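Start from the sequences, fold in the hints, and give me the full structure.
Okay, here's what each chain looks like letter by letter:
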Amino acid sequence: MSIWEYANPKKFMQTSAWALPWALAATVLCLSVGLIWGFFFTPDDYKQGATVKIIYLHVPAAMMAINAWVMMLVASLIWIVRRHHVSALAAKAAAPVGLTFTLIALVTGALWGQPMWGTWWAWDPRLTSFLILCLFYMGYIALWSAVEDPDTAADLTGVLCIVGSVFAVLSRYAVNFWNQGLHQGASLSMDAKENVSDVFWIPLVICIAGFILLFVTLVLMRTRTEIRARRVAALLARERLA
Amino acid sequence: MIALLARDLRLAVRAGGGFGLGLAFFLLVAVLVPLGVGPQGDTLARIAPGILWVGALLACLLSLDRIFALDFEDGSLDLLATSPVPMEGAVAVKALAHWLVTGLPLTLAAPVLGVLLYLPGPGYLWLVVSLALGTPALSVIGAFGAALVVGLKRGGLLMSLLVLPLYVPTLIFGAEVVKRGAAGMEVATPLALLAGITAGALALLPFAAAAAIRVNLR
Numbered sequence: 001m002s003i004w005e006y007a008n009p010k011k012f013m014q015t016s017a018w019a020l021p022w023a024l025a026a027t028v029l030c031l032s033v034g035l036i037w038g039f040f041f042t043p044d045d046y047k048q049g050a051t052v053k054i055i056y057l058h059v060p061a062a063m064m065a066i067n068a069w070v071m072m073l074v075a076s077l078i079w080i081v082r083r084h085h086v087s088a089l090a091a092k093a094a095a096p097v098g099l100t101f102t103l104i105a106l107v108t109g110a111l112w113g114q115p116m117w118g119t120w121w122a123w124d125p126r127l128t129s130f131l132i133l134c135l136f137y138m139g140y141i142a143l144w145s146a147v148e149d150p151d152t153a154a155d156l157t158g159v160l161c162i163v164g165s166v167f168a169v170l171s172r173y174a175v176n177f178w179n180q181g182l183h184q185g186a187s188l189s190m191d192a193k194e195n196v197s198d199v200f201w202i203p204l205v206i207c208i209a210g211f212i213l214l215f216v217t218l219v220l221m222r223t224r225t226e227i228r229a230r231r232v233a234a235l236l237a238r239e240r241l242a
Numbered sequence: 001m002i003a004l005l006a007r008d009l010r011l012a013v014r015a016g017g018g019f020g021l022g023l024a025f026f027l028l029v030a031v032l033v034p035l036g037v038g039p040q041g042d043t044l045a046r047i048a049p050g051i052l053w054v055g056a057l058l059a060c061l062l063s064l065d066r067i068f069a070l071d072f073e074d075g076s077l078d079l080l081a082t083s084p085v086p087m088e089g090a091v092a093v094k095a096l097a098h099w100l101v102t103g104l105p106l107t108l109a110a111p112v113l114g115v116l117l118y119l120p121g122p123g124y125l126w127l128v129v130s131l132a133l134g135t136p137a138l139s140v141i142g143a144f145g146a147a148l149v150v151g152l153k154r155g156g157l158l159m160s161l162l163v164l165p166l167y168v169p170t171l172i173f174g175a176e177v178v179k180r181g182a183a184g185m186e187v188a189t190p191l192a193l194l195a196g197i198t199a200g201a202l203a204l205l206p207f208a209a210a211a212a213i214r215v216n217l218r
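So the sequence lines, in the order shown, correspond to chains A and B.
Its first residue numbered 1, the first sequence is counted upward by one per residue in our numbering.
Its first residue numbered 1, the second sequence is counted upward by one per residue in our numbering.
It is possible that some hints are incorrect.
Output of the computed footprint for chain A on chain B, the stretches with three or more beta carbons under 8 Å from beta carbons of chain A [as the list claims (entries may be wrong)]:
#, region
1, 143-152
2, 155-167
3, 172-184
4, 208-216
Think about it this way: if two alpha-carbon atoms lie no more than 25 Å apart in a straight line, the pair counts; the simulated DMTMM-like pairs of lysine to aspartate or glutamate are [as the list claims (entries may be wrong)]:
#, chain 1, residue 1, chain 2, residue 2
5, A, K10, A, D151
6, B, K153, B, D78
7, B, K153, B, E73
8, B, K153, B, D42
9, B, K153, A, E148
10, B, K153, A, D149
11, A, K11, A, E226
12, A, K10, A, E239
13, B, K153, A, E239
By construction, these hints were calculated from the structure, which means they are not laboratory data.
As the structure is a prediction and not an experimental result, all values here were calculated from the model.
For glycine and all other residues, C-beta sits at the position ideal for the given N, C-alpha and C.
Below, the structure is given as C-alpha cells:
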C-alpha cells in the first residue's frame, strides 16, 4: 500500500468516489457552522464594528489561494518526475479553484478596505503580491487551454509552475522591499493568534478548516471530471480509428 | 556556439530582422508619456525612473517571440536540437544574441531618453548601470517564455501574459536603483538584489527553457 497506487486512474476514481461525499458533507458542516457562528454569534469589534466579520471569508480564502499554488507545484513536480497523469490533471483542476480563492480574497479585502482604510485599493505589499499571484494563475490557466496536446500541455505548465513558484516568492519579497522604500504601508499584519481574541478565533479556525475541505472537495470533483473527459477523448479517438 | 551567435546577430540586423523596432518603441514610450501626463518638469522627473524601466521592459518584450519562433517554423530549431551543442547552450546563446540586439542598445539609448523626461543628474549613471545589469535577466526570462509558447500558432499574446509577471522582481529592483540614484540615496541594496536576480536567472532558466523546447519539439 503506497500513495503511488492512486496514480492509477481507476484506483483514484474508486477511492475518490468513496471519499467525495464525506468531504462534501464535512465541507458543508464546517462552513455552515463557522460562517453562521462568525456572522451572527460573535460580538462586533469595538473599533471596526460589523466589518470585522469579513475576516471569516477573507483569511481562509487568502490562505487557500497560496496553498492551492503549493499543491499545484507538488503535483507538477510529481508529474514531471514520475509521469503520473492523475497528478497533472489534479494540478490542472486546482488552478481555477485557486484563482477563485485569490479573487475572493482580493474582493473581500477591497470591501473591508473601503470603510476601514477609506479606499478600495492600496499598494500595500500583501495586496500587490496577491494581484501578482492572480496574474500567475491566469497565465498558468491560459497556457493549459492554449496547448492542444494534453501531455505537452502538462509538461509546459509543469515547467511554468516550477519557475513561476520561484518568481512568485521573489516577487513577494521584492514587493515588500518596494513598498517600504516608498512609504510606511497601511499595516495588514495582525499576527492572528496573539491579537485576535478567542471569540473570533474559534469560528475563524472552523472556517479555515471548511475552506481546506472545500478546496479538497472541488479539486476531487474537477479531477474526476478531467479523468472522465480524458476517457471520453480516448474513446472518441478509438472510434475514429475503427 | 559562436557560429550560432554570429548567425543570430546577422539575421537580426539584416532587413526584416526588426533590429531597430525595440529601440523605436522605447523612444515612442518616452515621447508619449510626457504628451499624456503634461510637460511639468517635477512630475516627469519623479516618474522618469519608472517610465524608463517599464519602457525598456516592454521594448524587450516586443522582440521576444523572434528568439525561437522563426527557427521553429523553418526547422532550424530541429537541426539545433540534433547538433552537438546542448540545447541549454543554444538557449543561452540565443538569449545573449537577443540581449545584444535589444538590451544593449536600450541601455545605451536610455540616458538620451532620460533627458527628455528630466531625469535628475545623479540618476543617469545608475540608469545605465541598472539597465546593463537588469536587461540580461529580461532577455533570459523572455527566452524561457518564448520557449514555452514556441509550438503555438499565435503565441505572442499568451507569451506576454506569461512573461510579464515573471518580470516583476527585475522591474522593482531596477526601477528602485534608478529612483534612489536620482534622489542621491544609497543604491547598494537594490543593486545587489538586481544582480542576484540576473545571476540566478542566467544560471537556471536556460535549463527550464531547454526543457520546454524539447517538449515542444517532441
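Checked hints:
1. A count of 5 residues in the region 143-152 of chain B with a Cβ less than 8 Å from any Cβ of chain A is obtained; the coverage claim is therefore met, three being the minimum.
2. A stretch counts as covered by a chain when three or more of its residues have a beta carbon under 8 Å from one of that chain; for the region 155-167 of chain B and chain A the count is 7, and the coverage holds.
3. Restraint check on the region 172-184 of chain B versus chain A: 5 residues with Cβ-Cβ distances below 8 Å, three needed, restraint holds.
4. Coverage of a stretch by a chain is defined here by at least three residues with a beta carbon nearer than 8 Å to that chain's beta carbons; for the region 208-216 of chain B and chain A the count is 5, and the condition holds.
5. In summary, the hint linking A:K10 to A:D151 is supported, as the alpha carbons are separated by about 19 Å, within the 25 Å threshold.
6. Under the criterion of a C-alpha separation no larger than 25 Å, the hint pairing B:K153 with B:D78 is consistent with the structure, at around 17 Å.
7. Distance hint between B:K153 and B:E73 is fulfilled; the C-alpha atoms sit about 10 Å from each other, no more than 25 Å.
8. Distance hint between B:K153 and B:D42 is unfulfilled; the C-alpha atoms sit about 45 Å from each other, more than 25 Å.
9. Taking the CA atoms of B:K153 and A:E148, the gap is near 11 Å; set against the 25 Å cutoff, the hint holds.
10. The straight-line distance between the Cα atoms of B:K153 and A:D149 is roughly 13 Å, inside the 25 Å bound, and the hint therefore holds.
11. Pair hint A:K11 plus A:E226 holds up; C-alpha atoms about 15 Å apart against a cutoff of 25 Å.
12. Among the hinted pairs, A:K10 with A:E239 is consistent with the structure: their alpha-carbon atoms are about 21 Å apart, no more than 25 Å.
13. Taken as a hint, the B:K153 and A:E239 pair is broken in the structure, with Cα atoms around 28 Å apart against an allowance of 25 Å.
Violated hints for the displayed structure, listed by number in ascending order: 8 and 13.
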